Amino acid sequence: MTSAQLYYLLNLLIYAGVDIIACLGLSQQFGVAGVTNFGFIIFQAVGAYTAAILSLPSQSANGGFQSYLGGWNLPFPVPWIGAAIVGGLAALPFTFLVGRRLRGDFAAVGLLVTAVTFNLLVTNYRPFLNGAAGLSLVPAPLQGEYDPSGAGYQWAYAVIALVLAAGAYWLVRRVTESPYGRSLRAMRDNDLVADSLGKNLLAQRTSVLVLGGALAGLSGGILVGYITTWSPGAWGYAETIVLFAAVIIGGAGSHRGAVLGAILVPVGFEEATRYIPSTFGPPGFVDDLQWVAIGLLVVIFLWFRPQGILPERRRIIGAASAPVNMTNEDVVTLAGPVRASHGAAVAGSALPAADPASRATASPAVADDGAVLRAVDLVRDFGGVHAVAGVSIEVRRGTLTGLIGPNGAGKSTLLSVLAGTIPVTSGQVIYQGRDVTGLPAYRRARLGLVRTFQLASEFKRLTVMENLLSAVPGHRGDSLAGALRGRRFWRRDEEAAIARARVLLERFGLSSYADTYGGDLSGGQRRLTEIMRALMTEPAMLLLDEPMAGVHPRLARQIGAQLLDLCAEGMTILMVEHELAIMDEFCNPVIMMAEGTVLATGTMTDLRARAEVVEAYLVG
Amino acid sequence: MVIVSLGMTLIIEFGLQAIVGGTNVSYTMSQGPTVRAGGLVLTAVQFVIIGLALVVMAAVHVLLRYTKLGKAMRATAANRSLARNCGIRTDRIVTVTWALTGALCGIAGTVFAINNGSFGATSADLFLVVILAAVFLGGPGQAYGAMLGAVVIGLATEISAAYITPSYKDVIAFAVLLVMMAVRPGGLLGAAA
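Going line by line, the protein sequences match chains Y and W. If you're matching positions, the first sequence starts at 1 in the working numbering and goes up one per residue. If you're matching positions, the second sequence starts at 1 in the working numbering and goes up one per residue.
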């Protein structure tokens, strides 16, 4: 191998290390947490500039032909560490763009615009970072002690870059394959639902932005130490698209995919083709074709293989230890063993009861008549519409309270307001004697007030088992710090959670589906998964929005019986349901809403006796 | 979706550059007599451009409001599968919409070139981002929001160019957008989040 070939190879290896680190950071944000960060390149730029001004001597000492901040002339490895830290810190101001209020395309465009804005500012304001000309003569690490142009130095640089890339791989793997990573993926699949299960979306998004920012910053630091120059031209917003192309082509959410993408796209296209002789075509022809190729690859992959070359793998959490061969028929007949194991307190209560009131008195839980949840004059307006117009209700402990009313009566809105999914316009929500009106949904969920959704809301790219595990409260591995401390730190919590999930799966007859993706389930199975997931949060109070919609009538009865069992154990449930037969059978009391207000409260028998109720709903 | 359009932009922009080269083509025509109005200097051609913009705005209004096609477009946007079940050929509507937007962009490109006097493959590089900013400022999916956003962004850039310095004119536009996102996340005319 000639020295030119060796130089070429080492050059590619260093670029590979840099791009792998950056792609791992972006894959963590975009593939795992669902944060479309079109400003990703800024963080690499921030890292590069930081490393540059930390390692450069002061302006005057450097000939004074360029002007920049700092110039601290700090020794290696301080500039690289600084690059990672500042890259991470630079992500903090961006959290307002990806917070709760601003989602999806909006945040993406906001970040894109920010990237362009930063580039314009740096380009135009020379005293800051030497403007469009950029910084040059950035000292290579340890260039005083070693000769940066020597082959040994190049080898060492390549090895260090690749070792750091391996470290980045280890780091993101540790985060993603932890319960915290599961919460991130849950947020990616459906952020509102993750919120309702007690996930702090803002904190989660902030942590991936900071982690990704730190990785991008480190990659910038390594890069600038090697190429010794950095200017706004190196980080135009299009460079972010190259990284996105890499992550999409490799496989978003898959670490190996990110590595493969980093090698194929930025290294393969951008760097390797620089060494193709540009003798054919007009000047710049090869460069232009690279961009065309990257654009084509993105479009083709999103069209034909959106999951990438190495798709995110399915996490199998062995359902094998509970071999249950259930057919659909078995699913329908699940209630038998469950009731037997569990339903002594309410034995026979799930049988069609002629008089619901008599069962209510028979149920022991009703003796404790404290109100778990109270709404006081709740109002929620949408534009000019009063969806909820002054509702005051009380839900007593241990009851399965029904909520009925015609379409548009404000039932779902009331549930959303109670759970904190949407804020109140006015009024108060008192939960277990505490005013929770100002608390966001995830805080209420952590207090044990958990809701389900009217529309199917499973996490599509989590397995059923993962759907259940994602809801476990207080899991030691469900925080960035916990995840970083490794499996040993959280294994016990995980095993306990898996055991609980298995019991629930058994109870609801879905054991054989534990490793099926949530998105591949049937409608009824999704509802069951959702109820199980809500139960995994160990709620004190459940708000169920039409849990039986689309469920086989027999299965609906069995769900009803299960819910009554849970109430007998001390849980409180408020349930929206349209099927009056279900209400007759299971719910007492029943709250009747119409046009945003409570029309009546009582047993179904009472309600049927009241003329205005019958007029508003029951007959129509 | 944004990723796909950015990918397409790369293909077209650099494909064009690879074929025709990076040189600018000049497109000059007589600018006509100039008019001064309250410190602003406008050429006759620029008046024509403003008039054209107004006509296009009115035409879009009529299209969306009063024609069958416009209603079909709005129905498709609101709920594609429902629109399909109501007998709207949604695939065709989407194609027609792409064609219409292409035509509108074509007009915009032409007047851009007329106004600037010259253009090349990369002269509209930042333009895409500015347009995205305008659309999101108004509120995505809102035709009138886009018009309002475009006016606000356009005036913000050009007036700030006059009073501060031209190099920062896009910065001002983007700052306007970011402030709006912080204050009114749904866009100026968008639904409150």
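Misleading hints may appear alongside valid ones.
As the list claims (entries may be wrong) - Just a few of them, taken from the derived set where beta-carbon distance is under 10 Å, the chain Y residues facing chain W:
hint : residue
1    : Leu97
2    : Tyr237
3    : Leu296
4    : Ile309
5    : Leu310
Stated by the list, open to error - Counterexamples of contact, computed for chain Y against chain W with all Cβ distances above 10 Å:
hint : residue
6    : Pro77
7    : Gly519
8    : Glu615
These aren't lab readings, by the way, just hints derived from the structure by calculation. Nothing here was measured: the structure is a model prediction, and the numbers come from that model. A virtual CB, placed ideally from N, CA and C, is assigned to each residue, including glycine.
Notebook entry, point to check: Any CB of chain W closer than 10 Å to the CB of Tyr237 (chain Y)?
Noted result: 7 Å, holds
Next item on the list: Measuring Cβ to Cβ, find out whether Pro77 (chain Y) lies farther than 10 Å from everything in chain W.
Entry: Check passes; 35 Å lies beyond 10 Å.
Notebook entry, point to check: For Gly519 (chain Y), is the shortest beta carbon distance to chain W beyond 10 Å?
Noted result: Holds: least Cβ distance 18 Å, greater than 10 Å.
Next item on the list: Would you assess whether Glu615 (chain Y), listed as outside the interface, keeps its beta-carbon beyond 10 Å of every beta-carbon in chain W?
Entry: 31 Å, holds
Margin query: Tell me if the interface restraint on Leu310 (chain Y) is satisfied: Cβ within less than 10 Å of some Cβ in chain W.
Written below: 19 Å, violated
Checklist line | Supplied contact hint for Leu296 (chain Y), tested at 10 Å Cβ to chain W | finding: 6 Å, holds
Check: Given Leu97 (chain Y) was flagged as interface, is its beta-carbon under 10 Å from a beta-carbon of chain W?
Finding: 7 Å, holds
Item checked: Hint status (Cβ of Ile309 (chain Y) to nearest Cβ of chain W, threshold 10 Å) -> It is violated, given that the least Cβ distance between Ile309 (chain Y) and chain W is near 17 Å, above 10 Å.
Going down the numbered hints, you'll see the structure goes against 4, 5, while the others check out.
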